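Engineer: Each chain, written out:
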Amino acid sequence: MTDAPLLSVRGLSVHFGALAAVEGVALDLWPGEVVAVVGESGSGKTTLLRAIHGFVAPTSGSIRYRSDRLGDVDLIALEEPARRLLSRTEWGFVHQNPRDGLRLSHSAGANVGERLMAAGARHWGLIRAQALAWLERVEIDPSRIDDLPRTFSGGMQQRLQIARVLVTSPRLVLMDEPTGGLDVSVQARLLDLIKRLVAELGLSVVVVTHDLGVARLLAQRIIVMQRGRVVEAGLADQVLDDPQHPYSQLLVSSVLVT
Amino acid sequence: MSGPAVAVETLAKTFTLHLQGGVRLPVLRDLSLDVFPGECVALVGPSGAGKSTLLRALYGTYLPQSGRVLVRHRGAMIDLASAGPRAILAIRRETLGYVSQFLRVIPRVPARAIVAEPLVHRGESEGAALRAADAMLGRLNLPERLWHLPPATFSGGEQQRVNLARGFIVPYPIMLIDEPTASLDPENADVALSLIQEARSRGAAIVGIFHDPIVRQRMATRDFALAPLAEPA
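Line by line, the protein sequences are chains A and B. Sequence positions in the first sequence follow the numbering used here and run 22 to 279. Sequence positions in the second sequence follow the numbering used here and run 8 to 240.
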């Protein structure tokens, strides 16, 4: 295990006009680690994730990433072609709404295969074989490979999006509320699947969630955001069982105990 | 290795309840405790004396206000109060085991995989880890038909045995144990006690909470008394 972080965010701010959506955030992610960013709607957690991926431009700060292909790079200063190369190969982004991460007019197999082709794969038979293998891995019946995702349930669509993201063996996966909007029983299955794939593939993950149960199940470390700032960060069980900041205490105490 | 495996130095822990107007609840103050390899120290004291708080501080879950919580990890004494999350995770993987009272059930994960997981995290192959898990579950008399099922629907005693199997599958040098026999029948309580004795005889340092006085007498080499704090710190 190396001691350099894979991703290192420093002093990151994202302003939308007068609104400071993200303000002075620091975050490190080491290889094989899952960090959860928790907070309520409007806390800036999704904007932080989108800024790391390059969907929104930061106002200031640095995002250093240790790339297999490009070495140590600052993502903010990176040229667009290099950024696109990374996002096709070494990174993945799992959207809350699977329809944002899938092409609904393409078959399930094409959705998985397209990302492989974007990463350079050309052999149709191999692409289809990999797509089939990934459908099975995310527990979608391989006989559905030629069906359109719109004929899938919400949980299946989310699993298909995960297959599409993971098929190129990314190192860094950013997940935005991956279980949001799903029924509880579907959530449990998806969480278990994500947990297993993360361990098997040794993924490094930043997962944004408002659900502390998701954070406890998936993450080793937790970062709590409020109004764009990090108010607390630490070991997952420490933040959840002995929260220090008033806002963290409010979040933890607001969870319904079943 | 003649020194202690655990050295708590003038530990203080106060909970500040920001949602209740910042009320401060001091639970531990000026607490010092050494635990040596081969010892089993029983935390004793009335409810509210801070037994569970101390155990959780020893695991790095509770952040101390002041003082140090030193554990011997790879030959060096590391302070959990200042070590940082990644160091604590490494210490938990290799050195520090925790057997809690209740199993945190993961949906759909079968009992044997839950038990095997700490070995897999230490780099053991999945096959070897699962074989070790099966042996441990067999020893704790969990019926074989349950091994492949997720423990969500198990009885309290069955869940507790899964928990014990998971806790004892790795020969941690330091073990923290919370009520290991609480929901077990006498036969399985005996198995639990022999697991603790074996851990001690291989040189583990053990800190435990045992409410049953007979269990405590059989297990503990020493009692450590805690009392509720009289006035705010």
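Just so you know, these hints were derived from the structure itself, not from any lab. There could be a bad hint or two in this list.
Label pairs and their computed distance ranges (CB to CB) [unchecked claim]: (1) A:A41 to B:R129: 42 to 48 Å; (2) B:G145 to A:T172: 44 to 50 Å; (3) A:G201 to B:D230: 36 to 42 Å; (4) A:V276 to B:G29: 18 to 24 Å; (5) B:G145 to A:G175: 52 to 58 Å; (6) A:P163 to B:S73: 43 to 49 Å.
The structure presented is a predicted model; accordingly, all values stated were derived computationally and were not measured. For each residue, glycine too, the CB sits at the ideal point set by N, CA and C.
Engineer: Confirm or reject each hint.
Structural biologist: Each hint, compared with the structure:
For the hinted restraint 42 to 48 Å between A:A41 and B:R129, the CB-CB distance of approximately 43 Å keeps it satisfied. Between B:G145 and A:T172 the beta carbon distance is about 46 Å. The supplied range of 44 to 50 Å therefore holds. The beta-carbon spacing between A:G201 and B:D230, approximately 49 Å, falls outside the hinted interval of 36 to 42 Å. At about 21 Å, the CB distance of A:V276 to B:G29 agrees with the hint of 18 to 24 Å.
Restraint check, B:G145 to A:G175: a C-beta distance of roughly 41 Å breaks the suggested window 52 to 58 Å. In this structure, A:P163 and B:S73 break the distance hint of 43 to 49 Å, their C-beta atoms being roughly 59 Å apart.
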